[in-house]
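Respectively, the protein sequence lines represent chains G and A. Here this note's numbering is used: the first residue of the first sequence is 1, the next is one more, and so on. Here this note's numbering is used: the first residue of the second sequence is 1001, the next is one more, and so on.
Heads up, some of the hints might be wrong.
Here are the computed distance ranges between Cβ atoms for each label pair [as the list claims (entries may be wrong)]:
id : chain 1 : residue 1 : chain 2 : residue 2 : range
1  : G       : S149      : A       : K1118     : 33 to 43 Å
2  : G       : G173      : A       : G1373     : 40 to 50 Å
3  : G       : G171      : A       : G1280     : 24 to 34 Å
4  : G       : N115      : A       : T1042     : 26 to 36 Å
5  : A       : D1115     : G       : T227      : 21 to 31 Å
These are calculated hints, taken from the structure and not from any lab test. For each residue, glycine too, the CB sits at the ideal point set by N, CA and C.
Residues per chain, in single letters:
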Amino acid sequence: MSILVNKDSKVVVQGITGSEGQFHASQMLDYGTQIVAGVTPGKGGQTTLDDRVPVFNSVEEAVEQTGANTSIIFVPPPFAAEAVIEASFTGISVVVCITEGVPVHDMVKVKRVVNQNGTRLVGPNCPGIITVDECKLGIMPGFICKKGSIGVISKSGTLTYEAIDQLVNVGLGQTTAIGIGGDPIIGTTMKDCLKLFEKDPETEGVVIIGEIGGQMEIEAARWAKDTMSKPVIGFIAGQTAPPGRRMGHAGAIVSGGDDTAEAKMRILGECGIGVAESVADIGELMQNAMK
Amino acid sequence: MKVHEYQGKEIFRKHGIITPEGIPAFSVDESLAAYDKLGSETVVVKAQIHAGGRGKGGGVKLAHSHDEVESLAKEMLGMTLITHQTGPKGKEVQRLLIESGADIRSEFYAAITLDRGKEMDVFMVSMEGGVEIEKVAAETPEKIVKVWIDPLLGMKSYQARKLAYGLNLTGNAFKEAASIFLKMYACYQSTDASLMEINPLILTGDDHIVALDSKFNFDGNALFRQKEISDMRDLSEEDPMEIEAGNYNLNYIKLDGNVGCMVNGAGLAMATMDIIKLAGGEPANFLDVGGTASAETVKNGFRIILSDKNVKAVLINIFGGIVRCDRVANGVVQAVKELGLEVPVVVRLEGTNAEEAQTILSKSGVSIIPAVGMKDAAEKVVNAALGA
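Excised from the complex, chain G in its bound form (with noise of 0.2 Å):
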């Protein structure tokens, strides 16, 4: 078991034939993730990556040819928005955007759409997700991960990345690892990750990694804090972020409230999630939470 994505998750990659998409879908495809469609339109028909991947001019017919459940999309930013909405159209229902810089008015009807279709969106601006040994629906190193039982939530990608070596450094394996992106309007938040991996029978802790801005790893918090069987352990990035400027992620800032560093490594600690205070000691906490 695993959330969201797994072995039989049948993948579209859209825009599949640009030089990211082409990169990270033989990447995916090295990792064992099956990819059973690409899409370009106006590529229709033709096939990609050493005649491994069929490439169609939409989402709906790669849909109903292969069967595709999932998508992952590597689109520039002003089509990305547009990218999501055909995927959430055509009923596949994990979409994960890769794409960094979509513009927040977009994202802001795309989630919309996304909630009303029952779509799960994953980013954008993200690394995607990975089910150990199953498929790597991102950009990640796989090679880094370990299959285990511990679960990942994170805003960021390199330091997800850091995360996943400190647990495999101390033993500890992972279920899946999501990077939900840091862009202010995203698809999937940490509650939301939190809820999956709750269920899931084979994930025994969790990892959060949030950063400055917005009030996500709070909400997420309190939520475990009533509801989570399960130790839950994080992480805050930006502690010395100075206020009112955005820390490279487009949510990354601090503008007033409870949404700075400290706030949020305050509300996580009082509602029971051990929180590490330097990111070398994320490991450590993990399995410490786990005795």
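Fit chain A to the supplied structure of chain G, relying on the hints for placement.
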């Protein structure tokens, strides 16, 4: 991205939102010409900087004659304006807005921004205009009237009426306000604004609604489709090193410490700054070099970090996923050799081919301090900065 008040008002006028007549001026002569052209005896001379609180800082003053405009323009142009939003260093005033005086009966507040929690835009108005809205929100939140706008339906007339009723307006003023609120939302949408604020929005003596100020933040991600807005960018308002970093596709923010850092990924970059602080140092910057971290990227990163003379040591922290650590190591060695660096450089490389990378660094002959793990890296770079 931000724009000046006078630019914001140009945008307003294009969308049918009434503002006082005004003319931007970059010199004393232009200020006087603007005064003559406006033909209004009383004008407001307003310093144009990208920060609020200008009035309290002495950047907004009334003038009643040619001579007064001249002396105010002389005083303000070139002055350093310090407000609660500029930081202690303040900002140099290079542009003024000369604007016809307005007959103010009441002052209101109106703004639209994204409510991240509700995932909708929120439109807020308040009868407490002209004061800091943060203060109103904290002390008397009931004085703020809000409507949330469905992203698929857009703003509806009844919502605009609710806001106008919330300001206790009647008659012509009510109609004008409701109409302006709809125009504001259309303007917010069509310009990809992430914040649009009018403080104060006024009711004039002759019963009209006028935007006396303008404040915008625009979504940087949407500038590709907002040419008119991106042309309004005033580079002199931004840190020159941050602009240069942007030209190299690097994400750099200057801070006040002495430990430089170069990291791949924004989250890891923040966490690196934090662990430097925990190790007893002060980070000199945020620098995300993105996914590639080639020799060229590393070189540009060094140039930018080291242009800050406070920097006494640099930490490179790369978690190689798709990017291979051996390539990063070669890039670092090449950059250190070519730039002839004098500050100590601590390097922590983890991930794909990390062991090969260690070998490359240790055999390179350049003085690089290798580190294993983030804690070790932070302690080493802080010690190096202290020893320097």
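Now for the hints, and whether the structure bears them out:
| no. | hint | in the structure |
| --- | --- | --- |
| 1 | S149/G / K1118/A: 33 to 43 Å | holds (35 Å) |
| 2 | G173/G / G1373/A: 40 to 50 Å | violated (20 Å) |
| 3 | G171/G / G1280/A: 24 to 34 Å | holds (31 Å) |
| 4 | N115/G / T1042/A: 26 to 36 Å | violated (53 Å) |
| 5 | D1115/A / T227/G: 21 to 31 Å | holds (25 Å) |
When each numbered hint is compared with the structure, violations occur for hints 2 and 4.
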